[in-house]
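One letter stands for each residue in the lines below.
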Amino acid sequence: MSNEKYLEISHVSIEFPTPNGSFKALDDVSLHIEKGEFVSLIGHSGCGKSTVLNIVAGLYQATNGGVILNSKEVNEPGPDRAVVFQNHSLLPWLTAYENVELAVKQVFKGKKSKPEMRDWIEHNLALVHMEHAMHKRPNEISGGMKQRVGIARALAMEPKVLLMDEPFGALDALTRAHMQDSLIEIQARLKNTVIMITHDVDEAVLLSDRIVMMTNGPEATIGEVLSVDLPRPRDRIKMANDPRYNYFRSEVLKFLYERQKQPLSKDAAASQSAADGKPEAGNSAKEEAAA
Amino acid sequence: MNTKVMGLPLLGQMTQPLYKLKTVNWSDVPKQALRKLGVPLISIVLFLVLWDGIAAHIQTSLGKVPGPVQVWDQAVALYHEHEDARKREARFYERQEKRNAEILAKDPNAKVEIYPYTGSPTFFDQIETSIITVMTGFLLASLIAIPIGILCGLSTTIYTALNPIIQTFKPVSPLAWLPIITLIVSAVYVSADPMFSKSFIVSALTVTLCCMWPTIINTTVGVSSIDKDLINVSRVLRLNWLTNVYKIVLPSSIPMMFAGLRVSLGIGWMVLIAAEMLAQNPGLGKFVWDEFQNGSSNSLARIMVAVIAIGLIGYMLDRLMLLLQRVISWDKSATLR
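Chains as they are written, first to last, in my numbering: chain R, 14 to 304; chain G, -18 to 318.
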């Protein structure tokens, strides 16, 4: 098995049925990701980044093309493709520990003994620096802490690929920076294969090995791929004055704001949000697609 | 300061840890006590005064409409009647035992029996019967409604299939169900030595049929409005159907479910009184009807005692459900009214 084709997204297109005929959100998206690679998907909102992630997660089915992970086709969701959702999506009636436990029990049933499971849960919570609050419920901890638990839950599944859907999008700038540093630290230790969706250019450059820039929808596809060969470990303060860092940053900015200007038409924005994973009231296309 | 104990603001503060007591502004305490106890008290007094004033001016075939004082007198009288009946019952059994003991003294092998007391049920006996009946009917309704609600919430097909039936039966009055249930129970529930009386079964089933709908509908809404992300978590984890229901669906729909259960219990209690009146089944409804037929000068006051008792018991049942929700639900922050 060649490492280069650890995760293969092959000619993926997706159409959502809408009352006005089908809406093609993605057109011929192809991407190969190596084992241990950290890839960011960046693009304007509504360009279908979340849709790509949901297809890899198995939550959506591609209309054409498919996803192959470790020589197996992806047809349904599974814990080998753990997802960190934008709004943490912890079960509010369970403590941080119990939230991770639910995942660990499901994945390691019959493989780990009870004390092993407890150690593993505590290990993962410690990895995201949540050991001090692991018996608190989500409503007792801050937004950043909830997201940390969400990441711990995903890591605890030992996924083949970790999918992150704008994991820090709902956090304030300072907390976001802390979380990014944590993620850099975790990535250095675990070397997971990660696909992260973001619309934060600095976040993308700081964290990624490659940045995949997507064109605007409908029929969105991959515009350019930028390899970020900055040395690791990366330090945000040193990076700030690094000319190479600034070069990558400006490359992404140029793509986003010169080549792919945000469409101003309201209709286009409305129809594009159909393809995005964000909740949108009264959006029948999304409802049907998710069902 | 958050007072956890209903109607007892001071006690609520006492449950705070001692170190927090320092932060209590004691000058606020009388103000709070006034608001929590004083305001309802004033409104109740105003209501009683208004009642007394209006009642004195209405003349019925049974005399003047009783005011609060006459109603209170009848409440006391009903209590004494209950006590007297209990004493009579005790004496009845005492006499039997004494007689049996005498018989046994003469002939140790004699067969003796204790005959059950057959006095007419008092007001308080009727209350007990009604509460047991409504609880039975309500429990049965919940056992049917919650699973149906969960299925309807999980599957659009099941919901579409059942919705017309639910919506059609929901508004049917208990008075329309009653003859059907009475006839069916009489035909089906035939037993030489029945565990429950027929009237109990009829009343309880009427309650069940009338009060299950709000629970079904609320549970359906609660289940179908689960956060999409939580469903996705369940899908990513590949939880099986039962684990999904138990770990994700049930907890997240508990607040809505309880909203439904409370409405259901309220309806059940109203339905029961009507059913008991119409079917002459033992309970508070029968008490009201008997007093109405009796037509003595005290009847109206006694019916009013029953009305107040019915109201207070309904209120108590609702609080009981709230208490249960507080114990069961994870969402302790929700304001419960």
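Because the hints were derived from the structure by calculation, they are not lab data. Mixed in with the good hints, there may be bad ones.
What the hints assert, rightly or not - Cross-link-like lysine-lysine pairs, in silico, DSSO-like; alpha carbons within 30 Å at most:
#1 R:K204 with R:K173
#2 R:K124 with R:K37
#3 G:K209 with R:K85
#4 R:K85 with R:K149
#5 G:K209 with R:K149
#6 G:K209 with R:K118
#7 R:K37 with G:K12
#8 R:K37 with R:K125
#9 R:K122 with G:K12
#10 R:K173 with G:K209
#11 R:K173 with R:K124
To be verified - Under 10 Å between C-beta atoms, here's a sample of chain R residues computed to sit facing chain G:
#12 L72
#13 N88
#14 R94
#15 V96
#16 N100
#17 L104
#18 A146
#19 K149
#20 R150
#21 I154
#22 G157
#23 P256
#24 Y260
Said to hold, decoys possible - The calculated label-pair distances, taken between Cβ atoms and stated as ranges, are:
#25 G:T149 with R:D132: 29 to 39 Å
#26 G:S310 with R:G123: 26 to 36 Å
#27 R:T76 with G:Y227: 27 to 37 Å
#28 R:H145 with G:P236: 27 to 37 Å
#29 G:Y227 with R:D132: 19 to 29 Å
#30 G:I309 with R:S240: 22 to 32 Å
#31 R:G156 with G:D9: 31 to 41 Å
#32 G:Y227 with R:A139: 27 to 37 Å
#33 G:I309 with R:H145: 27 to 37 Å
#34 G:S310 with R:G156: 39 to 49 Å
#35 G:G19 with R:D132: 52 to 62 Å
#36 R:E89 with G:P128: 22 to 32 Å
#37 G:T138 with R:G79: 24 to 34 Å
These figures come from a predicted structure and were not determined experimentally. All C-beta atoms in this analysis are idealised placements derived from N, C-alpha and C, irrespective of residue type, glycine included.
Status of the hints after comparison with the structure:
About 11 Å separates the Cα atoms of R:K204 and R:K173, which keeps this hinted pair within 30 Å; it holds. About 42 Å separates the Cα atoms of R:K124 and R:K37, which puts this hinted pair outside 30 Å; it is violated. A C-alpha spacing of about 27 Å is found between G:K209 and R:K85, which places the hinted pair at or below 30 Å, so the restraint holds. Simply put, R:K85 and R:K149 have alpha-carbon atoms about 38 Å apart, too far for the 30 Å limit, and the pair is violated.
Taking the CA atoms of G:K209 and R:K149, the gap is about 23 Å. The hint holds against a cut of 30 Å. For the hint pairing G:K209 with R:K118, the CA-to-CA distance comes to about 22 Å; that is within 30 Å, so the pair holds. Between R:K37 and G:K12, the direct Cα distance comes to roughly 64 Å. Violation of the 30 Å bound is thereby established for this hinted pair. For a cut-off of 30 Å, the pair hint linking R:K37 to R:K125 is broken: about 44 Å separates their Cα positions.
In summary, the hint linking R:K122 to G:K12 is not supported, as the alpha carbons are separated by about 57 Å, beyond the 30 Å threshold. Taking the CA atoms of R:K173 and G:K209, the gap is about 24 Å. The hint holds against a cut of 30 Å. Under the criterion of a C-alpha separation no larger than 30 Å, the hint pairing R:K173 with R:K124 is consistent with the structure, at around 17 Å. For R:L72, the suggested interface contact is upheld, since its CB lies about 6 Å from the closest CB of chain G, less than 10 Å.
Evaluation of the R:N88 hint against chain G yields a violated restraint, the C-beta minimum of about 12 Å exceeding 10 Å. Satisfaction of the interface hint for R:R94 is found here, the shortest Cβ-Cβ separation to chain G being roughly 7 Å, below the 10 Å cut-off. Against a cut-off of 10 Å between C-beta atoms, the interface hint on R:V96 holds, since the closest Cβ of chain G lies about 5 Å away. Taken as an interface hint, R:N100 checks out: its beta carbon lies about 6 Å from the nearest beta carbon of chain G, inside 10 Å.
A distance limit of 10 Å between C-beta atoms decides the matter here; for R:L104 the minimum to chain G is near 7 Å, and the interface restraint holds. Given hint, R:A146 at the interface with chain G, is violated; its Cβ is 17 Å from that chain's nearest Cβ, farther than 10 Å. The criterion of a C-beta within 10 Å of any C-beta in chain G is not met by R:K149, whose closest approach is roughly 13 Å, and the hint is violated. Hint status for R:R150 relative to chain G: holds, with the closest Cβ pair at about 8 Å, below 10 Å.
At its closest, the beta carbon of R:I154 sits 14 Å from a beta carbon of chain G; the interface hint therefore is violated under the 10 Å criterion. Violation of the interface hint for R:G157 is found here, the shortest Cβ-Cβ separation to chain G being roughly 18 Å, above the 10 Å cut-off. Violation of the interface hint for R:P256 is found here, the shortest Cβ-Cβ separation to chain G being roughly 41 Å, above the 10 Å cut-off. At its closest, the beta carbon of R:Y260 sits 37 Å from a beta carbon of chain G; the interface hint therefore is violated under the 10 Å criterion.
Between G:T149 and R:D132 the CB atoms are about 57 Å apart, so this pair departs from the stated range of 29 to 39 Å. For the pair G:S310 and R:G123, the beta carbons lie near 33 Å from each other, so the given range of 26 to 36 Å is met. Roughly 35 Å separates the CB atoms of R:T76 and G:Y227, a value that falls within the hinted 27 to 37 Å. At about 30 Å, the beta-carbon gap between R:H145 and G:P236 stays in the expected band of 27 to 37 Å.
G:Y227 and R:D132 have their C-beta atoms about 26 Å apart, which keeps the hinted 19 to 29 Å range intact. G:I309 and R:S240 have their C-beta atoms about 54 Å apart, which leaves the hinted 22 to 32 Å range violated. Taking 31 to 41 Å as the suggested C-beta distance range, the pair R:G156 and G:D9 conforms, at roughly 33 Å. In this structure, G:Y227 and R:A139 meet the distance hint of 27 to 37 Å, their C-beta atoms being roughly 29 Å apart.
The supplied range of 27 to 37 Å is met by G:I309 and R:H145, whose beta-carbon atoms lie about 29 Å from each other. Checked against the hint of 39 to 49 Å, the pair G:S310 and R:G156 fails, with Cβ atoms roughly 23 Å apart. Judged by the Cβ atoms, the range 52 to 62 Å given for G:G19 and R:D132 holds: they are separated by roughly 58 Å. The beta-carbon spacing between R:E89 and G:P128, approximately 27 Å, falls within the hinted interval of 22 to 32 Å.
As the Cβ distance of G:T138 to R:G79 is approximately 29 Å, the hint placing it in 24 to 34 Å holds.
Checked against the numbered hints listed earlier, the structure breaks hints 2, 4, 7, 8, 9, 13, 18, 19, 21, 22, 23, 24, 25, 30, 34; every other hint is satisfied.
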